[in-house]
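Here the protein sequences come in this chain order: B and P.
Okay, so the first sequence: first residue is 1 according to this note's numbering, each after it adds one.
Okay, so the second sequence: first residue is 1001 according to this note's numbering, each after it adds one.
Rather than coming from a laboratory, the hints here were simulated on the basis of the structure.
A quick note: this is a predicted structure, and the numbers were derived from the prediction, not measured.
There's no promise every hint is true.
These stretches of chain P come out as covered by chain B in the derived footprint (C-beta under 8 Å, 3 or more residues) [claimed, not checked]:
{"no.": "1", "segment": "1022-1035"}
{"no.": "2", "segment": "1061-1070"}
{"no.": "3", "segment": "1075-1085"}
Away from chain B, derived, C-beta distances all over 10 Å, residues of chain P [to be verified]:
{"no.": "4", "residue": "1011"}
{"no.": "5", "residue": "1015"}
{"no.": "6", "residue": "1017"}
{"no.": "7", "residue": "1101"}
{"no.": "8", "residue": "1104"}
Where a beta carbon is used, it is the ideal one built from N, C-alpha and C, also for glycine.
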Amino acid sequence: DTEVTQTPKHLVMGMTNKKSLKCEQHMGHRAMYWYKQKAKKPPELMFVYSYEKLSINESVPSRFSPECPNSSLLNLHLHALQPEDSALYLCASRGTLNSPLHFGNGTRLTVT
Amino acid sequence: QKEVEQNSGPLSVPEGAIASLNCTYSDRGSQSFFWYRQYSGKSPELIMSIYSNGDKEDGRFTAQLNKASQYVSLLIRDSQPSDSATYLCAVNSYQGGSEKLVFGKGTKLTVNP
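I would like the entire structure built from these sequences, with the hints used as guidance.
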């Protein structure tokens, strides 16, 4: 069982929809991450929050909007996505520098 | 751009054999090294962390680190069909004033019964 919980597990949305992905962890980790993973590729970093502040934005298009309401929660707001945005979206948390990432089970997103 | 390179695979071994997965990295300042296992359609699962030169064993898994050669490997002894997965090497790296984990492209392992 993972200690990072992501909802929903699957999401199908049209290009005009607005939806949100949610992530929650209760390990006391102060860094939280969003990754995007396409088939047969490694995870690709999108955003990093450290102590609830956005510390890394890997030049992600503005149709993806992250939010960190508190130290346990991380959201990813989606608007006007494209079919090529279909992927597995992974949330992860990390306790300290040099410690490993703990991944959630991911959200499988399909944009139609 | 700091890089992590892995054998592209696929790697196929018979059940009971030793599977050897290799990874090289370009950032000499890297201090932490991880192996993740990822089953198809699932999220990555941490199987080993290593921080010091030498070997670290956990059950059937042994991670080996050689910082001088910028090389980290994973050995899986007595390979089982359930070990069939993609193995991702991840290395920490400081880029542009930020620390992040850099992933290799992964090696797909198939263990044949």
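Comparing the hints with the structure gives:
1. 1022-1035: holds (count 3)
2. 1061-1070: violated (count 0)
3. 1075-1085: violated (count 0)
4. 1011: 15 Å, holds
5. 1015: 24 Å, holds
6. 1017: Check passes; 24 Å lies beyond 10 Å.
7. 1101: Violated: least Cβ distance 6 Å, not greater than 10 Å.
8. 1104: The claim breaks: residue 1104 of chain P does not keep its Cβ more than 10 Å from every Cβ of chain B (closest is about 7 Å).
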